[in-house]
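K.L.:
Based on the hints, put chain L in the right spot on chain X.
Given next are the chains, with one letter for each unit.
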Amino acid sequence: MSDKQSRIKDFEKSLNQLETLVEGLEKGDVPLEEALKQFEQGIKLARNCQDALKDAELKVQQLLETRDGAVAQDFIEKE
Amino acid sequence: MSQSDFLSETVNTDDHRVIYSVERLNNEIKDLLEHSYPLIWLEGEISNFSRPASGHWYFSLKDSTAQVRCAMFRNRNRMLGMQVENGSQVLVRARISLYPARGDFQLIIEHMEDAGAGALQRAFEALKQRLQAEGLFSPENKHPLPAVPARIGVITSPTGAALRDVLSVLRRRYPLGEVMLYPVPVQGEAAAPAIARALQLAGERKECDVLLLVRGGGSLEDLWAFNEEVVARAIAASPIPVVSGVGHEVDFTIADFVADQRAPTPTAAAEIVAPDLDEWRQRARQLGTRLAGVAERHLDQAAQKQRWLHDRLMAQHPGRRLEQHMQRLDELEQRIQRSMKLRLQSERQRLMSGHQQVQAHNPLRRLPELQRHTRQLRQRLYQATERQMEQQRSRLRLAARGLDNLSPLKTLDRGYAIASAGELVLHDAADVTVGQQVNLRLARGQIDCEVTGTHLATDTNDDT
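Keeping their order, the protein sequence lines are chains X and L.
To convert, note that position 36 of the first sequence is 36 in the numbering used here; the numbers rise steadily by one, no gaps.
To convert, note that position 314 of the second sequence is 314 in the numbering used here; the numbers rise steadily by one, no gaps.
Be careful, since some hints might not be right.
Residues from chain L that face chain X, not an exhaustive set, calculated with beta carbons under 10 angstroms [unchecked claim]:
#1 Arg151
#2 Gly288
#3 His298
#4 Leu409
To be clear, the hints were calculated from the coordinates, so they are not data collected in a lab.
C-beta atoms are modelled at their ideal positions from N, C-alpha and C, and glycine is treated no differently.
Next comes chain X alone, as it looks inside the complex:
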């Protein structure tokens, strides 16, 4: 498993944050100013999620072994 953040993890994180945030807001005990801040954040998160899903393009790399070790590079599929 890779240490660095991946798109799906980012997406999942955004979605989970959004869910927590929406649930908090739905309880309705958030002060208005804080709620407004959270709305703004929630809308940003929702948009991020939608954009991620909309524009997502499968990222394909290949691992080539060279004398200096394995190197990952973009894989271009031959038609």
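P.N.:
Just chain L now, with coordinates in the frame of chain X:
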């Protein structure tokens, strides 16, 4: 042939001995062979191979010490699709028979395989049993697959149909994912060690959450690398879950048994590891809707509170008090107007009654009475005047009667005349001059005269 016919006819004349013709013997042996033996599998090397224009194949199968004649007819060998030549090691499925014309015992071949394949099959079974005994296939050694793999490793040929199928599925179903391809040859001598090395490398690098070991369909030999022990052990040792998808649905390889999950095809392998993004999409959409709903509710509440506070504030607004004052002022004004009006009304009423009283003393009201009085007075006046006039008229009549007696006209009747010059009645001769016209009025008619001379009077007694 003609000889045997002759023989059979001659021997049949003897009732005590059963004498077969060769043809009958061969046919009975043929029946016996064909019915006594089931289909058998047989392995051997081809020799004396011949393929006449008919398309049938004739050859011998031999091993180190024995051989047997074989025929494989066109309708069978046509389906085979394999190269056959002298020296080929083959595995056949055959009926045992006899060629009566020659008396040759022979095999009718129904199916033929490369005997190499047969050897592979045996090797496959042997390895499978060994590894199974070692526990490489047991369920407790299998890793669960990640629900959402961030990166999917694919161990396959970079040019194969399998990779194309896998990428096509992932692009469609899971475009948020990432793919790391470990390019390997998937057939030939180099394939198995390369696959094992790729598995090891992927396990060391730990950049993927799941590995797909895939290859498109092919013959048993084509798929052989996936039956090699080195590959099986590399799969078993992989710290990353491995999904195998080799060949078609019917193909099972050792790799399939060791893998954490076996998929029937490369496409199916990709579908197994790719989470369905539609669920995420739906969840994201629902959360968006919920967020909007909450936002609306919050804003509604805030707006309501604001309205309430605003109303309360406005109740305290100086303007509101001003309004109250204004209202009070209006009210007082109205009251004052009303009382003024009442007052005016009563004054007007008083005025009216005064007016009526005054009116009662109006001189004009006495006018008709005065007029009547006047009329009466006037009438009395008329009557009095009339009476007076009548008295005067009778006095006048009496007087006129007396006067008539004294009238000059009576005098004229007696012969007198009245002289006048113009209007002037002549009393004095001095009133006229000579030549002046003078009129004489007689009792009957008149005479115009001219003065020819005058005689002036000397005293007042002169009557002329």
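K.L.:
Just to be careful: measuring from the Cβ of L/Arg151 to every Cβ in chain X, is the smallest value less than 10 angstroms?
P.N.:
Where the cut-off is 10 angstroms and the nearest Cβ of chain X is about 6 angstroms from L/Arg151, the hint holds.
K.L.:
Given L/His298 was flagged as interface, is its beta-carbon under 10 angstroms from a beta-carbon of chain X?
P.N.:
5 angstroms, holds
K.L.:
Does the closest beta carbon of chain X sit nearer than 10 angstroms to the beta carbon of L/Gly288?
P.N.:
This interface hint holds because 4 angstroms falls under the 10 angstroms limit.
K.L.:
Can you verify the interface hint for L/Leu409: is its Cβ closer than 10 angstroms to any Cβ in chain X?
P.N.:
145 angstroms, violated
In this structure, only the earlier hint numbered 4 is contradicted, and the remaining ones agree with it.
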